[in-house]
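S.K.: Protein sequences appear in the order of chains W and V. Residue numbers for the first sequence, in our numbering: 86 to 411. Residue numbers for the second sequence, in our numbering: 12 to 224.
Do not rely on the hints blindly, as some may be mistaken.
As the list claims (entries may be wrong) - Computed cross-link-like contacts, DSSO-like style, restricted to lysine-lysine with a CA-CA straight-line distance of at most 27 angstroms:
no., chain 1, residue 1, chain 2, residue 2
1, V, Lys-217, V, Lys-62
2, W, Lys-329, V, Lys-31
3, V, Lys-217, V, Lys-65
4, V, Lys-175, V, Lys-65
5, W, Lys-329, V, Lys-195
6, V, Lys-65, W, Lys-330
7, V, Lys-182, W, Lys-226
8, W, Lys-224, V, Lys-182
9, V, Lys-145, V, Lys-64
In short, the hints are calculated from the structure, not lab data.
The primary structure of each chain is shown beneath.
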Amino acid sequence: MTPREKFIKCLKREPITGHVPHFELVFYLTMEAFRRVHPEHRVFHQWDQMSKREQDYHIQDIAETYIAYAEKYNHSAIFVQMDTGNMKYFDRTVRILEEIRNQTGDKYYTMVHGDPTFAIPTGDDMIEFTALLYEEEDKMKALAQKKVDHFKAFAEKMTRYEGLLDGFTLCSDYCFNANPFFSPDLFGEFIAPYLKDILDAYRSMGYYTIKHTDGNIMPILDQMVECGPDALHSLDPQGGVSLKKVKELVGDKVALCGNVNCGLLQTGTEEECVADIRRSLREGMPGYGYIFCTSNCAYTGLSLERYELMHRIWREEGIYPEAGKQ
Amino acid sequence: MAIIEEISEFLQKGRAKNVKALVTQALEEGEDPKAILNEGLLSGMMIIGEKFKKDEVFVPDVLIAARAMNTGLAVLEPRLVEIGNEPVGKAVIGTVKGDLHDIGKNLVMMMLKGVGFEIHDLGVDVEPETFVDKAEEVGADIIGMSALLSTTMPNMGEVVEELKNRGLREKYIVMIGGAPVTEKFAREIGVDYYTPDAATCAEIAKKAVEERK
């Protein structure tokens, strides 16, 4: 079974053997790990000025960087980080995905961004945004629908490239540590219908979906799950989210990804990190439907040694017994 | 219902236009500007803050209440200046060096303003020296720091070191907050208070300043 096939089985919450699948939304530490500039750290001001051949070399280098960290850390999935909110990047996204497939076949599950739903606004515009929710309800709903329609169009265009993309990951953050930004009522009105709409559309086109958000998701957990993502990502312990509790509540409806405390990986002692990594495996693996990863990403500035500690424990301990032995 | 009570009620509902109209009317009717401020606007924000702490309301409720408060304050401020009304205290607030996140910081600013503080916003990615320079310049009571990233969080300690180097550590109440920040970290770097949310921050800040005075 390829890592991709195993990853998909996990999204479907089906039994697997061997290692529990593992990935990171982003692994920024590429320079430290193998002397390559992470694609997100590259700025292509002159992209359209480049010759096709020059662009191809960049595409190849970007794809190789994604593949390099997937290979080094035994990831099952590659998340190509392009701005899918901008159709301008459609062709570049396709070319990177094609290069990944050319080099690795169907080994890895591939995913791109695809979240049209409102996220927590920035500090500068949060008052204005909130006022619009209360005072310009129709206008905001029209905007929400327009964003959904854009991502549907992006996905529909992607379906012309059969076998290239496996799924969309929806990364609009909804929650702070203490609580969701949106009250459950606001979530039900301005987020959930549009989240469900886009998830249904992706599914109808044959794509899998992972919904990410940081923070304390518990007050909106049911609503998020009812929208029908294949998996929830991050399960942020800094937001007080218990993997064990979430698994008990919704583990029969949705796969779960994450929960290794990425803040602790930076600030905790080695013993605390080891205990947290083991806890995540212990709480996530039983009953299947769990994908091992940090509660956000391997972010810029994270200690590579700590990430490699997490990887080592996964390699040694994140293993399901062979069939019939569990 | 008395007009000042109405101001508080409408503020809690985030009805900015009503608050503006009622503050204007209250002033025209000869109400004491301090009473309008304390028993109308700030009282309304304190009630919202309490509800937020108890998870009875969410951030958007706080934001539209804060907007209503600001609308009322804009009408009231010239009169408060005329009568020489003093703020509860002065706070210099910023997101630490290397960190560009501003949501938490801005929420804290709103809540501090809501309990009567004069706020000096340093923005994001603020050098340690800038926190101290600004605090000295405006005669602040509080230096407040925010960080969203565990990688920028240590820069809070640099501000404490800067204060120590200038012999000013005891002069200021130093408060920190942000997603990765913990009570343990606050103790390690030697700040006065860590608070887990904006409403608690405002409550502790007011109490700390009042205790010092």
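S.K.: State for each hint whether it applies.
M.R.: To see whether the hints hold, each was checked on the structure:
For the hint linking Lys-217 (chain V) to Lys-62 (chain V), the alpha-carbon distance of about 18 angstroms falls within 27 angstroms, and the restraint holds. Annotation: proposed proximity of Lys-329 (chain W) to Lys-31 (chain V) is violated, straight-line Cα distance about 49 angstroms (limit 27 angstroms). Distance hint between Lys-217 (chain V) and Lys-65 (chain V) is fulfilled; the C-alpha atoms sit about 19 angstroms from each other, no more than 27 angstroms. Only pairs whose Cα atoms come within 27 angstroms are accepted, and Lys-175 (chain V) paired with Lys-65 (chain V) is rejected, the gap being roughly 37 angstroms.
Annotation: proposed proximity of Lys-329 (chain W) to Lys-195 (chain V) holds, straight-line Cα distance about 25 angstroms (limit 27 angstroms). Taking the CA atoms of Lys-65 (chain V) and Lys-330 (chain W), the gap is about 22 angstroms. The hint holds against a cut of 27 angstroms. Taking the CA atoms of Lys-182 (chain V) and Lys-226 (chain W), the gap is about 50 angstroms. The hint is violated against a cut of 27 angstroms. Taken as a hint, the Lys-224 (chain W) and Lys-182 (chain V) pair is broken in the structure, with Cα atoms around 50 angstroms apart against an allowance of 27 angstroms.
Simply put, Lys-145 (chain V) and Lys-64 (chain V) have alpha-carbon atoms about 30 angstroms apart, too far for the 27 angstroms limit, and the pair is violated.
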